[in-house]
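Engineer: Protein chains in written order, with my numbering: chain H, 594 to 873; chain W, 594 to 873; chain U, 594 to 873; chain X, 594 to 873.
Because the hints were derived from the structure by calculation, they are not lab data. Positions of the beta carbon are idealized from the N, C-alpha and C atoms, including for glycine. Among the clues, some could well be false.
Over the 10 Å line for every Cβ pair with chain H, so calculated as not near, a few chain X residues [as the list claims (entries may be wrong)]:
1) S604
2) R623
3) I631
4) A658
5) F662
6) Y671
7) L682
8) T683
9) F694
10) F748
11) T759
12) G774
13) Q775
14) I805
Listed below are the simulated DSS-like cross-link pairs for lysine-lysine, each with C-alpha atoms no more than 25 Å apart in a straight line [unchecked claim]:
15) H:K783 - X:K783
16) H:K783 - W:K783
17) U:K783 - W:K783
18) U:K783 - X:K783
Now the in silico label distances, taken between C-beta atoms and shown as ranges [as the list claims (entries may be wrong)]:
19) W:V803 - X:L688: 39 to 47 Å
20) U:V813 - X:T619: 44 to 52 Å
21) H:F655 - U:G777: 30 to 38 Å
22) H:R747 - W:L705: 58 to 66 Å
23) U:V698 - H:M817: 30 to 38 Å
24) X:L688 - U:K607: 52 to 60 Å
25) H:V740 - X:A628: 36 to 44 Å
Number of protein chains: 4
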Amino acid sequence: MPNRLPEPPQSAWKQRAYRVIFESDTRAGRNFDAALLIAIVLSVVAVMLESVQSISARYGTFLRAVEWFFTGLFLLEYLMRLLVVRRPLTYAFSLLGIIDFLSIVPTLASLLMFGSRYLIVIRTLRLLRVFRIFKLGQFVGEGEFIVTALKASRFKILVFLAAVLTLVTVIGTLMYVVEGGQHGFSSIPKSIYWAIVTVTTVGYGDISPVTILGQTLASVLMIMGYAIIAVPTGIVSAQMAGATKAASVIPPYKQVVCHVCQAPDHKPEAEYCWRCGEKL
Amino acid sequence: MPNRLPEPPQSAWKQRAYRVIFESDTRAGRNFDAALLIAIVLSVVAVMLESVQSISARYGTFLRAVEWFFTGLFLLEYLMRLLVVRRPLTYAFSLLGIIDFLSIVPTLASLLMFGSRYLIVIRTLRLLRVFRIFKLGQFVGEGEFIVTALKASRFKILVFLAAVLTLVTVIGTLMYVVEGGQHGFSSIPKSIYWAIVTVTTVGYGDISPVTILGQTLASVLMIMGYAIIAVPTGIVSAQMAGATKAASVIPPYKQVVCHVCQAPDHKPEAEYCWRCGEKL
Amino acid sequence: MPNRLPEPPQSAWKQRAYRVIFESDTRAGRNFDAALLIAIVLSVVAVMLESVQSISARYGTFLRAVEWFFTGLFLLEYLMRLLVVRRPLTYAFSLLGIIDFLSIVPTLASLLMFGSRYLIVIRTLRLLRVFRIFKLGQFVGEGEFIVTALKASRFKILVFLAAVLTLVTVIGTLMYVVEGGQHGFSSIPKSIYWAIVTVTTVGYGDISPVTILGQTLASVLMIMGYAIIAVPTGIVSAQMAGATKAASVIPPYKQVVCHVCQAPDHKPEAEYCWRCGEKL
Amino acid sequence: MPNRLPEPPQSAWKQRAYRVIFESDTRAGRNFDAALLIAIVLSVVAVMLESVQSISARYGTFLRAVEWFFTGLFLLEYLMRLLVVRRPLTYAFSLLGIIDFLSIVPTLASLLMFGSRYLIVIRTLRLLRVFRIFKLGQFVGEGEFIVTALKASRFKILVFLAAVLTLVTVIGTLMYVVEGGQHGFSSIPKSIYWAIVTVTTVGYGDISPVTILGQTLASVLMIMGYAIIAVPTGIVSAQMAGATKAASVIPPYKQVVCHVCQAPDHKPEAEYCWRCGEKL
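With the hints as constraints, model all of the structure from the sequences given.
Structural biologist: Quick look at the structure:
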């Protein structure tokens, strides 16, 4: 989630609106964000419930009304954001801006195309704003820790995934030949799907080998999957163990970040932010 | 499990009863606790067996009698505890007090409402007292070690769970759209349930994708689940590796705790507790 | 596998026979052990194949003959062992002696009781002798490494298992109540079986929740299982990481053990055992 | 993947052809390899699509033509390789040479034997050449890191696998006896297959225990599988943690390798290879 916010606008009321809508270092700003989060959750829950037939049969009209109400609200919010921001295009093409836009479109598009409205689940991505609001230093720090560890391991994980995909392709095709295109192994892509289901130890059982040779091959794949699962875990564990050690060298106050203004580097004993005076 | 016990009462017999019922540093106290544990196990087993129809048909009356017998016993014990403790309310609202109470209620409530009596499995939570009785220093230490490692990782694990839940919501909804509400993906909540079953690699197979697009999406989710499982493991491993190293600095006799009086800091060569003389 | 061998006998031919049968530091001794291993594998494979109906129908008589032949051979070998050993009872009641005995009994017992002969799979345990024969220092060292790491973690793992069993009991019973004894959750023990299948992420799908509440509870259990699986892995990883570090301090030649006489502490450059002159 | 290339040939045009076909340090050489990769992917995809009946019914003739076209191309390429290389036999019996050969054979063999043509998936192994072309130092380094960690753990993993296989054999046979050859446990090999499916937590559910004793035994196996999965993960994690630490001692520029001439030891600030001047 990028924290680079668009530049603030000029006129006074726009500036005030900007602080409320875009920032969260004032009481009004945080209330706005909290209300937004609740609205997002409610609108997503409404769509989910509507997809359940027994509920839809009874409360369908109400739920659709709720959905349109929130879509209207989000449209209004989106237009406001475009209005008060100094450079609307910069916002519109930022990651947050695109997510904001995409979370309105599906409901509107549903007038034209059935099914598309379920895409409003993209709205759930807006929930990631939660980290912006309750910016508890701890959470941000831990999230960054995980992301950093994964990033540092990304080449290892890519090499590992390439190896797994090759394995899965070869064994999937072998199974197609061995099971003779029967017992659910009706094509090579389907057999590869089975191999993925097996090597990841998910094992639905919708397709499973029946011939002795097939079951033997499957056993080999499973035991390999056993050893294979150890690799990504080992990579990430080693990375995190290293990162934890590195982190312990850095003075502890680097970990605490003000949850309002994000000022870092507080003393360990500090109870209030040295920049905005908010309780830490 | 909180170790903070309620204050002892005044009168002599109450004091003696208190030592037997609440504490386990006397022979009588430990015998009481051991008898209690056996009673708990027997009462839980009785309820379990009764739920098996073939057994219930034959021994139903006997098993129900056993259950009522133990419930009566536990009620008596609970009243005794309230009586001998100096501050009954403090005990009644402590964690152990609530568990003690909840383990009696279901049987009584079953007179009014069918099914509720199975809730007496809450009684199994009383088994956690086992750690109080056989307080083998080793076990307590190891338990604390695990709990500490998990606590230290709790923010990382929360961030991780939030990410998994968002992923599961988005992919679950996509699958609902892709599979067209068929093949078991009959609603968004159900599709999210499927996504959880898949990403955790449980894979019941009660719901599984049938369309090519659905199977492709499922494959992506499974491979992601593969990488994802590495994260919590990495977190806990790194934490424990760190804790193990930290622990090795602390002198070894800090690990041994007397299983009767919980006195810590025994010398490594000590065979008896320096406080109560119990064999370590 | 205990390496404590019974004391050698007195008379000359017994001594020679003892060296061949019990020890593996002579060419004859190793040939004997190798022949024994092949016999064990063949006898186990024969029983396995006989259990396959299509094979049993054709080659049943032959396979049964093979089994009786090997059982006779093993009986002879067992009697020989008793004869040449100085203290027959010590051998008979040692772990290896008991395994040797148990691997003969099932075939004989099958004359009296159907099914019992399949227990000759206990013979596979005799295969563990392989480590005695090809006692490649590397393998012994690595095996000991794993066992040591698991032993050091045994208390942590026990505490962990106790927690998992409590969790599984409570959630299993809840599911029995929630699903109303239907959809396969026909009794509490069966529901606990389901909970174990789920929390270990095996997920057969022979029993799976159908009600919304049941699926929600199952989702919680799965996500918990996700976090839970991290614990034993973390424990063992941390232990092994520690052991690896500790091992690297010890001079490297401690790792190499003579595969014939098991003499330890060879110099890193050594090509032959300092005790028996065998090639390392 | 062995990097040892056959010796270059003598005559001028052969030398030029050699550089294009076998090496990738010229623009022409890299273009050749890239074209080859695309051809491999296309030919594999063609075979996969043809195995899907609905696609095969419509585009079968076209897809078969595509396959024969690429097979012809690869045959031509293989002959070229034999021609321009100085020692054709050395190439023909190198790992890459054998893979190159095997990826042509299946299509030709399909004229004689049905099914054999699906073996052209061996062609996917040729994709491993990708690492040769885009020899991004990072990838090569990471791949080697994983391979090294796995190699260093190979004895531990072998011991572990031996233990798992013994466990699976013993429990599989027990289940065959316990379930009485019914409920899918129709033979010992099939029961062992079930045990592997269970202990690896794949859990298809095509075979699952029905009797109480069987489900109890299965529960024990699952809980053991739980603890067992921790072992390979622990091994690899510990190995990687150690390797990471070791790697951090080596100066960082050892990690960057020129993706054209593979020259190592670039300075961290270097933007171009010190040997061939290629952009790093």
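Engineer: Looking at X:I631 again, its CB stays over 10 Å from all of chain H?
Structural biologist: 17 Å, holds
Engineer: Confirm or reject the statement that X:F662 sits farther than 10 Å, beta carbon to beta carbon, from all of chain H.
Structural biologist: Holds, since 19 Å exceeds 10 Å.
Engineer: What's the verdict on H:K783 and X:K783, does the C-alpha distance respect the 25 Å limit or exceed it?
Structural biologist: 24 Å, holds
Engineer: Within 39 to 47 Å or not, the Cβ separation of W:V803 and X:L688?
Structural biologist: Distance hint for W:V803, X:L688 holds at roughly 40 Å.
Engineer: Would X:I805 pass as off the interface with chain H, using Cβ distances and a cut of 10 Å?
Structural biologist: Non-interface label stands for X:I805: nearest chain H Cβ at 22 Å, farther than 10 Å.
Engineer: Looking only at beta-carbon atoms, does the pair X:L688, U:K607 fall within the given range of 52 to 60 Å?
Structural biologist: At 54 Å between Cβs, range holds.
Engineer: Do H:F655 and U:G777 keep their Cβ atoms within the hinted range of 30 to 38 Å?
Structural biologist: Taking Cβ atoms as reference, H:F655 and U:G777 lie about 36 Å apart, which means the hint holds.
Engineer: Given the hinted pair U:K783 and X:K783, is their alpha-carbon gap at most 25 Å?
Structural biologist: 24 Å, holds
Engineer: Examine each Cβ of chain H, and state whether all of them lie more than 10 Å from the Cβ of X:G774.
Structural biologist: 16 Å, holds
Engineer: Minimum C-beta separation from X:Y671 to chain H exceeding 10 Å: can you confirm that?
Structural biologist: Holds: least Cβ distance 20 Å, greater than 10 Å.
Engineer: Is the claim that X:T759 lies outside the interface with chain H correct, judged by CB distances over 10 Å?
Structural biologist: 13 Å, holds
Engineer: Between the alpha carbons of U:K783 and W:K783, is the straight-line distance 25 Å or under?
Structural biologist: Answer holds: U:K783 to W:K783 is near 24 Å, not above 25 Å.
The structure does not agree with numbered hint 20 stated previously, though it agrees with all others.
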